[in-house]
Structures are given as C-alpha cells and as structure tokens.
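Spelled out, the chains give:
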Amino acid sequence: MTDLKRTPLYDLHLELGAKMVPFAGYEMPVQYPMGVMQEHLHTRAKAGLFDVSHMGQIILRAKSGATADAALALESLVPVDILGLKEGRQRYALFTNDEGGILDDLMVANRGDHLFLVVNAACKEADAAHLAAHLSGACEIDVITDRALLALQGPDAEAALAAHVPAVADMAFMDVIIAPSAFGELWISRSGYSGEDGYEISVANDQAVALTRALLADDRVAPIGLGARDSLRLEAGLCLYGSDLDTTTTPVEAALNWAMQKARRAGGDREGGFPGAARILGELAGGPTRLRIGLLPEGRAPMRAETPLFASETGGEPIGAVTSGAFGPSIGRPMSMGYIASEHSAAGTQIWGEVRGKRLPAVVTAMPFRPAGYKR
Amino acid sequence: MKYTEEHEWLRVEGDLIVVGITEHASEQLGDIVFVDLPEADTEVAKDDEVAVIESVKAASDILAPLDGTVVEVNDVLADNPGLVNEDPLGDGWFFKMKVEDLSVLDDLMDEAAYKDFIG
Chain A
1 MTDLKRTPLY DLHLELGAKM VPFAGYEMPV QYPMGVMQEH LHTRAKAGLF
51 DVSHMGQIIL RAKSGATADA ALALESLVPV DILGLKEGRQ RYALFTNDEG
101 GILDDLMVAN RGDHLFLVVN AACKEADAAH LAAHLSGACE IDVITDRALL
151 ALQGPDAEAA LAAHVPAVAD MAFMDVIIAP SAFGELWISR SGYSGEDGYE
201 ISVANDQAVA LTRALLADDR VAPIGLGARD SLRLEAGLCL YGSDLDTTTT
251 PVEAALNWAM QKARRAGGDR EGGFPGAARI LGELAGGPTR LRIGLLPEGR
301 APMRAETPLF ASETGGEPIG AVTSGAFGPS IGRPMSMGYI ASEHSAAGTQ
351 IWGEVRGKRL PAVVTAMPFR PAGYKR
Chain B
1001 MKYTEEHEWL RVEGDLIVVG ITEHASEQLG DIVFVDLPEA DTEVAKDDEV
1051 AVIESVKAAS DILAPLDGTV VEVNDVLADN PGLVNEDPLG DGWFFKMKVE
1101 DLSVLDDLMD EAAYKDFIG
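First to last, the sequence lines map onto chains A and B. Taking the numbering used here, the leading residue of the first sequence gets 1, the next gets one more, and so forth. Taking the numbering used here, the leading residue of the second sequence gets 1001, the next gets one more, and so forth.
Do not take every clue at face value.
[Claimed, not checked] The calculated DSS-like cross-link candidates involving lysine-lysine, where the alpha carbons are at most 30 angstroms apart (straight line), are:
no.: 1; chain 1: B; residue 1: 1002; chain 2: B; residue 2: 1098
no.: 2; chain 1: B; residue 1: 1115; chain 2: B; residue 2: 1002
no.: 3; chain 1: A; residue 1: 19; chain 2: B; residue 2: 1115
no.: 4; chain 1: A; residue 1: 86; chain 2: A; residue 2: 358
no.: 5; chain 1: B; residue 1: 1002; chain 2: A; residue 2: 375
no.: 6; chain 1: B; residue 1: 1002; chain 2: A; residue 2: 19
no.: 7; chain 1: B; residue 1: 1046; chain 2: B; residue 2: 1002
no.: 8; chain 1: A; residue 1: 358; chain 2: B; residue 2: 1115
no.: 9; chain 1: B; residue 1: 1096; chain 2: B; residue 2: 1046
no.: 10; chain 1: A; residue 1: 358; chain 2: B; residue 2: 1096
no.: 11; chain 1: A; residue 1: 63; chain 2: A; residue 2: 262
no.: 12; chain 1: A; residue 1: 63; chain 2: A; residue 2: 46
no.: 13; chain 1: B; residue 1: 1002; chain 2: B; residue 2: 1096
no.: 14; chain 1: B; residue 1: 1115; chain 2: B; residue 2: 1046
no.: 15; chain 1: A; residue 1: 19; chain 2: A; residue 2: 46
In short, the hints are calculated from the structure, not lab data.
Construct the entire structure; sequences and hints are all you get.
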C-alpha cells in the first residue's frame, strides 16, 4: 500500500483500532472494533464521526469579483440552478458530459464572495481538470489541500458539535457557515450522506486530530468506517458515484430530476446550456428508457451489485441489474438499488433477481428505505 | 476438532462430521446476515461450493471439506444467521456430513497447527 495517500487522521484511525483498506487512492478505515453493523446502528441512534478527508474541496471565485459570474460559469457544467443558490446555502449538483452521462456528483455552497465545492475522492483530480479546462477564463480555481473533512451524523450530532460551536444549533438542513472555534476556522454545512441530521466540517489539517479527539470525547460520538457509511447511504436511497452513477447514466435515468431546477429545464430562464442538455432535456420531456429504482428482496439473501434482474421467474432476458446491494441494519433486511427498464419501474412491481443461479423474488420499492432525519 | 485451510472446523459426532467456520473466520467476515445452506442429502466432492455466507461486507463461499454426503443442515441459521458470529464453534454450525472413512480427518490440521496457520 506504499502508493496510497493518508489523511491527517491516519495515525488516529490506527490508534482507534481501525481496519484500513485502500479506497479511491487513500488508506481509509473500513471499520473500527465496534463492527459495521453496530457502527451503522450507533449512527442512527446517537452520532457517528466519519473521516471524509479523501474528498475534494474546491473554491471557485469569479475573476470579476461577482459571485453571480462564478455561478453562471459553473452552470455551464451542471444542469443545476446555481445562480439561484442563496448565500449561506448548499445544493446537490452533477457534472455531466456531452452524452448526458454523469462525470461526478458534488455539493455546491454559496459562501458570499465565492462558491465552495465538495467532490468525490475518486474524481477530484478529473473534476479539477474539468473546471480548469472550462472555467479558468471566468474563475480562479483553488483546490484546497490543507484542510481535512469530517462528517458528524446522527440525532446527537447537533448537541455534540454545538458544545464546541454553538452556532450550529441554529443551522437548517443544507445551510453553510464559516465559524471560528478552538480548532481554528471551521467550514460547516448541515448535511451529510447517511440519511441522518448532521454536519460536514472542514478543518485545517493541523487541527483535524484535535477536533476529532474533542468530538470523540463525547460518549455519544463513535468513529464510523466506510463499511457503515455505505449501508447508511444505501438505506437513505443515496447514490454512490462509480456504483449507482457513472458516465453511462444520465441524471434522468438516475431519478435525480429533483436536482435539476426549473431554471435549467425547458422553458426556464436559463434552459439547457450544460453538457448533454439535448439528451437530458429530451429524457425529462419523454421519459428515460430505464430508471434507477429501489428493490427489497423478499428473502434474506442480499442482491449485490451486478445481480441481473428479470420480469419472470424463468426465461426471458434481463430487464436490468443491481448497482448497490447490502443488508440494511436499521431495516433488518437486505436492500438494493439498481437500474430497470422503465416499464417495470413502478413501485410494487414484482421482479426476480438471479443470485448464484437462482431467481429470487424482490419488489420494486420507493426510496429511501428508511425515512431521513434531516432538520428542515 | 480438526481444521481446514479454508477456516472450517470439523468435529466428529457419532458417525457424522459436524462442519462450521472458525472464530477467526467469523471475526474476519464481520457481521453475518445470511447463510445459504445446501439441501440435506446432497452428495458433495471436496472443494465443491456447498454454502454461501453473506456478511455486511461481502459474500463468501464455503467449500466442502471432504468427499461425502451432507445429511443435515442447521436450519436455525436461516432466521438467525448472527449465531455464526455469536457461537461459531457451537450453535453456529453449518451442516453434518457422512463420509466413507473417518480416517480422512487425519490429514487435516489440529488446533495447534491451525493456530500456526493463522499466525
């Protein structure tokens, strides 16, 4: 693992007994001694602390000095209303390619005099190059390398973080603030990827261990690895880039229509004007040929990624495939996400997944599998 | 008790051999959420994939440790797969096999050899 990068929390992960695995070019904790199942349940019951420092943090600043110009520039790469994003708010977005496929999913925050982007670890170099290639005329692009990123998720996240930064108690879901603290300036959003209330906290590398120790000193907070991060996000119906989203899936196929606001759609103020607009607007109007769906297997056998899906118990060609599948500790049963031909995508449709040569019954199900606990 | 390099344990019970996975294996697999067992009265050859364990992390195959016939399976695991984590050497057993000659067990590792094997 000599070529793998480490986050500022690497030594602390080892001290906490983490099992480390390679992930997106980093050595990351997949689980701690508590184990994936208990880590998952702890996050839903109390609060879990995740090291997500491998993710990319990027600042976009308009050369004109007007943040609206940075927003308009970014809109040329995403099918999302960035101009309408108010100061102090964050929004989910997607970089699309000319075929309407998804290059990455990301968060975009308006922080007054600039935009702040958080992108996936595996895509961050490509994203920075993509931004540089298309936006360097209009924007300064600053890839942040001197800050770590933590996620604190769960019903006790507010109390645990407010003990250090009282202002976080007043934030609503998807609010962002820059807050002074005993750990230097923190960049905080009330968001995350677990389906729970919580925060993502950007902290200077040299303060990351101190902040993590301070949060973990709270009995309600436990360190959580990538294993539980995956089962938490899947129960919440959230996509993992590289599994559920990639360059061959469009935002409409991925059922992410909610992320594409009116301003960018047909008849909107700034209709189209993003890569792949012809296909994406066409699919918004006419419907896609396949759709991302949730799936609940009727038995206990998980239907994992690449499980082929069929319309009948015998014969026929596959009508789709699973892209993520696991056991859901909070729902107490297996769950999957995948793509299926649109005519089979209605909730309640009975289908079959082929697991080890056997076709097992499953039902198309609306997501999230477990209601989210966001603070609106 | 005898052990295989696939981290199974084998215990003689009358003329049958009870098969399960070791504590080491159950710890490595993590929380087990599903066990797919063979039908009773299935003839198996050594290294056939006879069962599958699904943990929160991944699916793992269980190979037949010997030639023989699976005569009984632990049906309780269908509803309570967590027994494999709680009591891998006891209630978390997988299946019972009949073999022609129990002396085939002599070729397998004893506890000391298995401990060396897992280091």
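Okay, the hints, checked on the actual structure:
| no. | hint | in the structure |
| --- | --- | --- |
| 1 | B:1002 / B:1098 | 16 angstroms, holds |
| 2 | B:1115 / B:1002 | 11 angstroms, holds |
| 3 | A:19 / B:1115 | 21 angstroms, holds |
| 4 | A:86 / A:358 | 51 angstroms, violated |
| 5 | B:1002 / A:375 | 55 angstroms, violated |
| 6 | B:1002 / A:19 | 29 angstroms, holds |
| 7 | B:1046 / B:1002 | 15 angstroms, holds |
| 8 | A:358 / B:1115 | 37 angstroms, violated |
| 9 | B:1096 / B:1046 | 14 angstroms, holds |
| 10 | A:358 / B:1096 | 24 angstroms, holds |
| 11 | A:63 / A:262 | 27 angstroms, holds |
| 12 | A:63 / A:46 | 44 angstroms, violated |
| 13 | B:1002 / B:1096 | 14 angstroms, holds |
| 14 | B:1115 / B:1046 | 23 angstroms, holds |
| 15 | A:19 / A:46 | 22 angstroms, holds |
Going through the hint list in order, the structure does not satisfy hints 4, 5, 8 and 12.
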